[in-house]
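Note that the protein sequences, when read in sequence, are chains A and B.
Using my numbering, the letters of the first sequence map in sequence onto residues -5 to 376.
Using my numbering, the letters of the second sequence map in sequence onto residues 18 to 354.
It is worth saying that the hints were derived from the structure and are not from the lab.
Be a bit skeptical, because a hint or two may be false.
[To be verified] With beta-carbon atoms standing in for the labels, derived distance ranges:
#1 98/A - 95/B: 40 to 48 Å
#2 47/B - 176/A: 13 to 21 Å
#3 109/A - 144/B: 20 to 28 Å
#4 73/A - 89/B: 56 to 64 Å
#5 159/A - 235/B: 40 to 48 Å
#6 48/B - 159/A: 24 to 32 Å
#7 254/A - 255/B: 42 to 50 Å
#8 366/A - 251/B: 37 to 45 Å
#9 171/B - 120/A: 21 to 29 Å
#10 241/B - 176/A: 36 to 44 Å
In this text, a Cβ means the ideal position worked out from N, Cα and C, and glycines have one as well.
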Amino acid sequence: MTAMSPPETPPPDLTAAPQPAPQRIRLRAVSADEVLPLLGAAAGAIALVWVLFERVLPFSGALGFWACCYGVFVILYAAVTAMQYGRRAVTDRLAAVAAASAGLFALAVIAEQIGYITFRGWPAVRHLNFWTQTMQATGQLQPLTSGGVVHAMVGSLEQLGIATLLAVPLGILAAVFLAEVGGLLAHPVRVIVTAMTALPEIVAGLFIYATVILGFGTRQDGLAAALALTVMMLPIVTRASEMMLRMVPNSLREASYALGASQWRTVWNVVLPTARSGLTTVSVLGMARVVGETAPLLLTAGLTNFLNANPFHGPQTGMPLLIWAFIRISPSANFIERGFGAGLVLLLMVLILFTAARMLGGKAPGELTRRQRRRIARDARI
Amino acid sequence: MSKMADDAAVRPGPAGPPEDRPRTITTRISRADLVFRTVVRLAALLVLGITALIAAFLIDRASGTLHAVGWRFLTNFQWLTNGHHLGVGALLPDTIFIALIALIFAVPIALAAAIFISEYAPYRLRRPLIALIDLMAAIPSILYGIWGFFWLMPRFIGTQRWISDHLGFIPFLKVPGAFEPGNFEDSTFLAGVVVSLMIIPIIASISREVFSQAPQGEREAAYALGSTRWGMIRTVVLPYGRGGVIGAVMLGFGRAMGETIVVSLIISAVFTIVTHPLQSGGNSIAALIAQSYAESTPGTISALIAAGLVLFIVTLIVNAIAATIIARSRSGLQTAD
Chain A
-5 MTAMSPPETP PPDLTAAPQP APQRIRLRAV SADEVLPLLG AAAGAIALVW
45 VLFERVLPFS GALGFWACCY GVFVILYAAV TAMQYGRRAV TDRLAAVAAA
95 SAGLFALAVI AEQIGYITFR GWPAVRHLNF WTQTMQATGQ LQPLTSGGVV
145 HAMVGSLEQL GIATLLAVPL GILAAVFLAE VGGLLAHPVR VIVTAMTALP
195 EIVAGLFIYA TVILGFGTRQ DGLAAALALT VMMLPIVTRA SEMMLRMVPN
245 SLREASYALG ASQWRTVWNV VLPTARSGLT TVSVLGMARV VGETAPLLLT
295 AGLTNFLNAN PFHGPQTGMP LLIWAFIRIS PSANFIERGF GAGLVLLLMV
345 LILFTAARML GGKAPGELTR RQRRRIARDA RI
Chain B
18 MSKMADDAAV RPGPAGPPED RPRTITTRIS RADLVFRTVV RLAALLVLGI
68 TALIAAFLID RASGTLHAVG WRFLTNFQWL TNGHHLGVGA LLPDTIFIAL
118 IALIFAVPIA LAAAIFISEY APYRLRRPLI ALIDLMAAIP SILYGIWGFF
168 WLMPRFIGTQ RWISDHLGFI PFLKVPGAFE PGNFEDSTFL AGVVVSLMII
218 PIIASISREV FSQAPQGERE AAYALGSTRW GMIRTVVLPY GRGGVIGAVM
268 LGFGRAMGET IVVSLIISAV FTIVTHPLQS GGNSIAALIA QSYAESTPGT
318 ISALIAAGLV LFIVTLIVNA IAATIIARSR SGLQTAD
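Can you build the whole structure from these sequences, using the hints too?
Structure representation (structure tokens):
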């Protein structure tokens, strides 16, 4: 490495004319040159399209208005940039606009979904009975003050619980195999697991139907639905857990081995605790993903209007299946309202799980919370 | 090696070996380790076994129909269960067609969003944005379905009519017959658009992960040569992520083919190959199973399972190819052994 020593630089020529003091260049500053063309193009686009839409052309509609605005904005922005800079700058700025609008579009889709379901679901959800009753005694034409979805909430939670108990330990064990042990078996397992993450939901339901219900001759019940959810959840948990285990620094494993620990001790005392927060996040995200699956329940859970707390006997409706039934089977407007209400409840369940996942972890291995850091600092002082 | 040889020359031990020979390292695996390895290996085998079981049971249950119909199951258009005049001849192309329409909308948006998150977004916003893309994937499909059915469908008729009127010179975009709202509802096109919203997060999150792994040194090299940001993305990030992106798109394709609830909510079933995507009517294998499962008897369920088996095989092949491409690509090497 000694050959790479820095070349001798000549001493600065102090007799030369004094240069102006170099200005500090702020890399992240936003200059007026970047902002003004954007604002100008946007204002120009809205004004131009308004004139065209309202005064000249026989078009109408809010969607078409904003679509035209966007198109005109892109053209104007490109023209303004082309007046100042060359072709490369135009391409660069258009690419930035395209990327940013795609990001905004994705955000808009999420906001639109949540907003729409909340708006349409509110009339049903605001009645207390929606949270405390079942559909047992509610007919087609009963108003929204009668009947509720508590039976489906219980069913969904129990099915999700069983699926989590089955899928999370097995998925993490398989991930430990992929990340820590490996071998000839690892490659086929990884390919199959990745392929299974996109397994069609309906096939998971069909599989449990063919195996458990037709094979063992049981009836549709909560357990069958939970098994179908397990089949969906297992590959998600396995794949994501492997990613988390791979993020554990190798130096930690080597340190453990150097202290004489066996592989089993290393995994149990070093790798898994380091990745704990990530593994928790992965598991809860997996739960959030499967709790809304409708198609597996369609063939396995069975539809009922009664509260059935026993997952091992008799049909047990889940939340998504109930929405499907409300929307699909019933022609009455009240049932569609109830369907949206149930959709809002399901969305809340997903959001709660999702927020829990983010609060429980979402940190890279080794990244500590403030409390953990404080405790370590306190221990170090003593 | 040379340093060790020097040391040996300086301090020649009385009984030192004449030359250095690499020691073979042998580890005696303790019993606890053996148990540990066996347990995790069994878990991995179980995951493989479940997939194999899915295939085996589906084949077993479908065999009744497959024996009776034979290879014509892949080419028959109709679905008449009582005379065994049934097959996926129209269903499979329609399934693929919906998925392709979904890809046309999802791929550009998903890739641009992935580039935005990994390259353009301020550093502090990146993590919340990634979380939001995850949330988009976690929104239940039935909610997308009822949104598409109750909100988008009435508003989309005008757009579809506009396309049919103004772009109708392209043959397959024309809707035959006079304008009636009923002619435009429940179209393959609308189903594809709603499904595209569901596969955007899948494609975007895998692509983003791959893009963000593009080596910092090559990015800086591109900037040092005077590249603009887009120039850097085009010459460094996109080529680096190509394999991962192809894999992500194929995974999205597999997911779109298997999408059940959205398609069966929106589309009204017909048993012909759809040639005019804007016209009402269409079908997919998953939607067929969801819609006709309720009125099937134990005898006719075999036909549905046979259709599901076809769907399972097609998606498994597509996904396995995608997974292999992701693993083989330059960016996927870090996760492969």
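Subject >> Hint check against the structure, violated hint numbers in rising order >> reply: none
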